[in-house]
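All chains, please: the whole structure from these sequences, using the hints.
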Amino acid sequence: MKKLLGILSVVFVVVLLVGCGGSDDSDTKRIAFITDPVGTNPFLTQATEKLEEIYNAGTYDMEYSIMESQDSGAWLDNVRAAVEEDYDLIIAIGWQAWDPMNEIADQYPDAAEYVCIDTDCANDNIKSITFNAAEGAYLIGAMAALVVDELGFPEGPIGAVHANPGQGSFPWRFGLMEGAHYINSDLEMDDFIFNYTSSYSDAALAKELALGQYAQGARFINGASAVADFGTFEAALEKGFYTSGQDADRTNPDNPYILSTQVKYTGVVTENIVDEFFSETGIITGHTELGLADDVVGAIYITDDGTNPRNSAILTDEMIVILRELAEKIRSGELVVTVPLEEDYIFGE
Amino acid sequence: MNKYYKKTLNLLEPLKQPAMAIGFAFIVGAIVMLFTGANPIEVYGIMFKGAFSSQFYLSATFAKATPIILTGLGASVAWRANCFAIGGEGQMIFGALTAALIAIYLPGPLWIRIIISMIGGVAVGGGMSLFSAYLFDKLQMSLSISTLMMNYSSKFLAMGLVVMFFLDTTSTGGMLKQTKQIPEGMRFPRVNADYALTIGFFIAVIIVLLVWFLLNKTKYGYESKMTGYNPEFSRFGGINAKRIMYLSLFISGVLSAFAGVSEVYGTYFRYVSGSLVSGGTAWIGLNAALISAYNPIGVLISSIILASIQTGGTAISRFTDVPLEISQILQGCITLFISAKIIIKWRRKKKLIKVVEEGGN
Numbered sequence: 035m036k037k038l039l040g041i042l043s044v045v046f047v048v049v050l051l052v053g054c055g056g057s058d059d060s061d062t063k064r065i066a067f068i069t070d071p072v073g074t075n076p077f078l079t080q081a082t083e084k085l086e087e088i089y090n091a092g093t094y095d096m097e098y099s100i101m102e103s104q105d106s107g108a109w110l111d112n113v114r115a116a117v118e119e120d121y122d123l124i125i126a127i128g129w130q131a132w133d134p135m136n137e138i139a140d141q142y143p144d145a146a147e148y149v150c151i152d153t154d155c156a157n158d159n160i161k162s163i164t165f166n167a168a169e170g171a172y173l174i175g176a177m178a179a180l181v182v183d184e185l186g187f188p189e190g191p192i193g194a195v196h197a198n199p200g201q202g203s204f205p206w207r208f209g210l211m212e213g214a215h216y217i218n219s220d221l222e223m224d225d226f227i228f229n230y231t232s233s234y235s236d237a238a239l240a241k242e243l244a245l246g247q248y249a250q251g252a253r254f255i256n257g258a259s260a261v262a263d264f265g266t267f268e269a270a271l272e273k274g275f276y277t278s279g280q281d282a283d284r285t286n287p288d289n290p291y292i293l294s295t296q297v298k299y300t301g302v303v304t305e306n307i308v309d310e311f312f313s314e315t316g317i318i319t320g321h322t323e324l325g326l327a328d329d330v331v332g333a334i335y336i337t338d339d340g341t342n343p344r345n346s347a348i349l350t351d352e353m354i355v356i357l358r359e360l361a362e363k364i365r366s367g368e369l370v371v372t373v374p375l376e377e378d379y380i381f382g383e
Numbered sequence: 002m003n004k005y006y007k008k009t010l011n012l013l014e015p016l017k018q019p020a021m022a023i024g025f026a027f028i029v030g031a032i033v034m035l036f037t038g039a040n041p042i043e044v045y046g047i048m049f050k051g052a053f054s055s056q057f058y059l060s061a062t063f064a065k066a067t068p069i070i071l072t073g074l075g076a077s078v079a080w081r082a083n084c085f086a087i088g089g090e091g092q093m094i095f096g097a098l099t100a101a102l103i104a105i106y107l108p109g110p111l112w113i114r115i116i117i118s119m120i121g122g123v124a125v126g127g128g129m130s131l132f133s134a135y136l137f138d139k140l141q142m143s144l145s146i147s148t149l150m151m152n153y154s155s156k157f158l159a160m161g162l163v164v165m166f167f168l169d170t171t172s173t174g175g176m177l178k179q180t181k182q183i184p185e186g187m188r189f190p191r192v193n194a195d196y197a198l199t200i201g202f203f204i205a206v207i208i209v210l211l212v213w214f215l216l217n218k219t220k221y222g223y224e225s226k227m228t229g230y231n232p233e234f235s236r237f238g239g240i241n242a243k244r245i246m247y248l249s250l251f252i253s254g255v256l257s258a259f260a261g262v263s264e265v266y267g268t269y270f271r272y273v274s275g276s277l278v279s280g281g282t283a284w285i286g287l288n289a290a291l292i293s294a295y296n297p298i299g300v301l302i303s304s305i306i307l308a309s310i311q312t313g314g315t316a317i318s319r320f321t322d323v324p325l326e327i328s329q330i331l332q333g334c335i336t337l338f339i340s341a342k343i344i345i346k347w348r349r350k351k352k353l354i355k356v357v358e359e360g361g362n
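Protein chains in written order, with the working numbering: chain A, 35 to 383; chain B, 2 to 362.
There could be a bad hint or two in this list.
Pairs of lysine to aspartate or glutamate residues, derived as DMTMM-like cross-links and limited to a Cα-Cα distance of at most 25 Å, are as follows [unchecked claim]: (1) 363(A) / 339(A); (2) 181(B) / 140(A); (3) 181(B) / 154(A); (4) 181(B) / 378(A); (5) 63(A) / 140(A); (6) 63(A) / 314(A); (7) 352(B) / 233(B); (8) 363(A) / 222(A); (9) 156(B) / 377(A); (10) 156(B) / 376(A); (11) 363(A) / 183(A); (12) 156(B) / 236(A); (13) 63(A) / 158(A); (14) 63(A) / 195(B); (15) 363(A) / 329(A); (16) 181(B) / 376(A); (17) 156(B) / 326(B); (18) 243(B) / 138(B); (19) 273(A) / 288(A); (20) 273(A) / 236(A); (21) 63(A) / 95(A); (22) 63(A) / 322(B); (23) 355(B) / 233(B); (24) 181(B) / 377(A); (25) 181(B) / 158(A); (26) 156(B) / 242(A); (27) 181(B) / 169(B); (28) 363(A) / 323(A); (29) 181(B) / 137(A).
These are computed hints drawn from the structure, not numbers from a lab.
What follows is the structure in structure tokens.
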């Protein structure tokens, strides 16, 4: 009986594995969107939702596939497979795109059009779009300094629960510190506390870190660890400190402690890419950095109206005036926010 | 007729357990898919297509199988000798980092750098494994704990070293924690420029044969097998169990580290922090070793099957709306059903002991 079961299992596996999916060929343009697992990360969901919206609108004769890459190996597999499977436009979002996109765009320059979002691939065959996240962080830093001053803690400390240490998240730290320093030049580097979740989804750890920072005296704690920020928000609601979120508007009428969000509109960028792809020019390769002036980076209530009412008891009208003036300075180029290498950085320049 | 039936059954006997485990895993996967509203036959069809249906996909599967085979062999050599070490991941990390750094920074002709870099990489992995053996030998520290802890420390130590001393600031502006790339002339050549497969896979197959020979045709192989069956009995039989432990763990470390080296030379061309951990390669390798009952040829086959679940899994994400996690559910279920086999064996052993104690009835 057991032997029979064994044979049956072998047969079952073989039967299940036999069979192939169909493929179609037409003039329909095929777009591959290669990304880390999307989950509920707003940095990614904004882009995938925009693709779905464009597809449903039927403006262009297109179909698309979201290729979620669980690990570095899957990134390589998916980029290579996108060319093999004859996609016309390959969009990759995230730093992990650098190696696979460079390799494939060099090897098959004419097989597809290539776009990297959030990383400068420095390749003649690729259009690279990056964000000057530090500009948004600068505004949040300035907001933090104003808020802690209002709360009677002008010397900080100002807390921050971010995703990763290293140069990768330095634009967020740099912007936050420089923005706060712009408002209060007495602040020193020691007046900032940074902790890292090493994850975009570990909300429990983010909460623990935020509570630790609160215990050290932080009354404004900037959240910049994607979905894990919900842990920071929960801690804020429990302890009554103020905070801000990341990527898409995180303000919430049930949590008045979330004062703002540093936004990055990946959906807008995705739409621009698709429009450009279907335009007469097609994708124009080269590197573009988008910031406040392009309306894809900013901070809720400063550069964008939030979807929820502002907590004007804390984030007062006077503060908003100051912050909007600051945003205008960045937008006009009067104030340039350029992120140095972390090892070369000297606080307050 | 009956004779042929029996012969066929005997031939299929070694395949029975893995096939049952994989079969049951696919059934569970199908049930999960039905809950998500997907058609399991269609999804498995796409999985098969994404893993085997053309030379392109087959080469991607073989490329993915390469480090799994090597870590699987590493686990087999150790576990077969009753050394339950699970440090493949840490050894892979440091094997990869050492090989990458030597390849990048050592001056001299490329072929000398290749040799020294590979020897350096595997030596570090073997050394790490030997250290665990030493801790067990001298301090009675559990092998599982010391090797597992070394996985964690290796991951962060390697990350720290890269960020502090070897960060490539030219690519991604230093955003990704990775070293520079090794020179082009040092990389494993691809079998076909369009495919992911490199000669690394064929080196792994040769290593499979060498390990098979080592385990089945040498004195060490016999002694390690005996030690694995019953350490006390083999000690009384004159086998130096300590020597076998040190040797098995060293070979295991060398093989796992070579998995990391092969990833540097054939896949990433640099050390990328987290890349060897995020795919769970060492754990999948251990899975392959368990499925095949530490048989090197079995490791080769089961590694290819497990790799196909991964490459097929990414194909699912490309062609359907079914979540990528389905392939992980399948792998988890395979491990689960394989562990069921271990429990059954263990219970049988206990029953047998009981029968012997009660007078052999």
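Status of the hints after comparison with the structure:
Taking the CA atoms of residue 363(A) and residue 339(A), the gap is about 19 Å. The hint holds against a cut of 25 Å. Simply put, residue 181(B) and residue 140(A) have alpha-carbon atoms about 18 Å apart, close enough for the 25 Å limit, and the pair holds. Using a Cα cut-off of 25 Å, the hinted pair residue 181(B) and residue 154(A) holds, with the two alpha carbons roughly 16 Å apart. Note on residue 181(B) and residue 378(A): the hinted pairing holds, with a Cα-Cα distance of about 20 Å set against a maximum of 25 Å.
Only pairs whose Cα atoms come within 25 Å are accepted, and residue 63(A) paired with residue 140(A) is accepted, the gap being roughly 22 Å. Between residue 63(A) and residue 314(A), the direct Cα distance comes to roughly 14 Å. Compliance with the 25 Å bound is thereby established for this hinted pair. Only pairs whose Cα atoms come within 25 Å are accepted, and residue 352(B) paired with residue 233(B) is accepted, the gap being roughly 20 Å. Of the supplied pair hints, the one linking residue 363(A) and residue 222(A) holds, its CA atoms being roughly 23 Å apart against a limit of 25 Å.
For a cut-off of 25 Å, the pair hint linking residue 156(B) to residue 377(A) stands: about 22 Å separates their Cα positions. Between residue 156(B) and residue 376(A), the direct Cα distance comes to roughly 22 Å. Compliance with the 25 Å bound is thereby established for this hinted pair. Distance hint between residue 363(A) and residue 183(A) is fulfilled; the C-alpha atoms sit about 22 Å from each other, no more than 25 Å. Between the alpha carbons of residue 156(B) and residue 236(A) the distance comes to roughly 19 Å, so the proposed pair stays at or under 25 Å and holds.
Taken as a hint, the residue 63(A) and residue 158(A) pair is honoured in the structure, with Cα atoms around 22 Å apart against an allowance of 25 Å. Between residue 63(A) and residue 195(B) the alpha-carbon distance is near 23 Å, which keeps this suggested pair within the 25 Å criterion. Between residue 363(A) and residue 329(A) the alpha-carbon distance is near 14 Å, which keeps this suggested pair within the 25 Å criterion. Taking the CA atoms of residue 181(B) and residue 376(A), the gap is about 18 Å. The hint holds against a cut of 25 Å.
About 24 Å separates the Cα atoms of residue 156(B) and residue 326(B), which keeps this hinted pair within 25 Å; it holds. Only pairs whose Cα atoms come within 25 Å are accepted, and residue 243(B) paired with residue 138(B) is accepted, the gap being roughly 8 Å. At roughly 15 Å between alpha-carbon atoms, residue 273(A) and residue 288(A) fall within 25 Å of each other, so this suggested pair holds. A threshold of 25 Å between alpha carbons decides the hint, and for residue 273(A) with residue 236(A) the separation of about 20 Å falls inside it, so the pair holds.
Between residue 63(A) and residue 95(A) the alpha-carbon distance is near 6 Å, which keeps this suggested pair within the 25 Å criterion. Note on residue 63(A) and residue 322(B): the hinted pairing holds, with a Cα-Cα distance of about 19 Å set against a maximum of 25 Å. The straight-line distance between the Cα atoms of residue 355(B) and residue 233(B) is roughly 19 Å, inside the 25 Å bound, and the hint therefore holds. For the proposed pair residue 181(B) and residue 377(A), the alpha carbon gap of about 18 Å is at most 25 Å, so the pair holds.
For the proposed pair residue 181(B) and residue 158(A), the alpha carbon gap of about 20 Å is at most 25 Å, so the pair holds. Restraint check: the Cα-Cα separation between residue 156(B) and residue 242(A) comes to about 23 Å, which is no more than 25 Å; the hinted pair holds. Proposed proximity of residue 181(B) and residue 169(B) is supported: the alpha carbons are some 5 Å apart, at most 25 Å. Proximity of residue 363(A) to residue 323(A) is assessed by CA-CA distance (about 18 Å); at most 25 Å being required, the pair is judged to hold.
This hinted pair checks out: residue 181(B) and residue 137(A) have alpha carbons roughly 15 Å apart, not beyond 25 Å.
The structure fails none of the hints (numbered hints given earlier).
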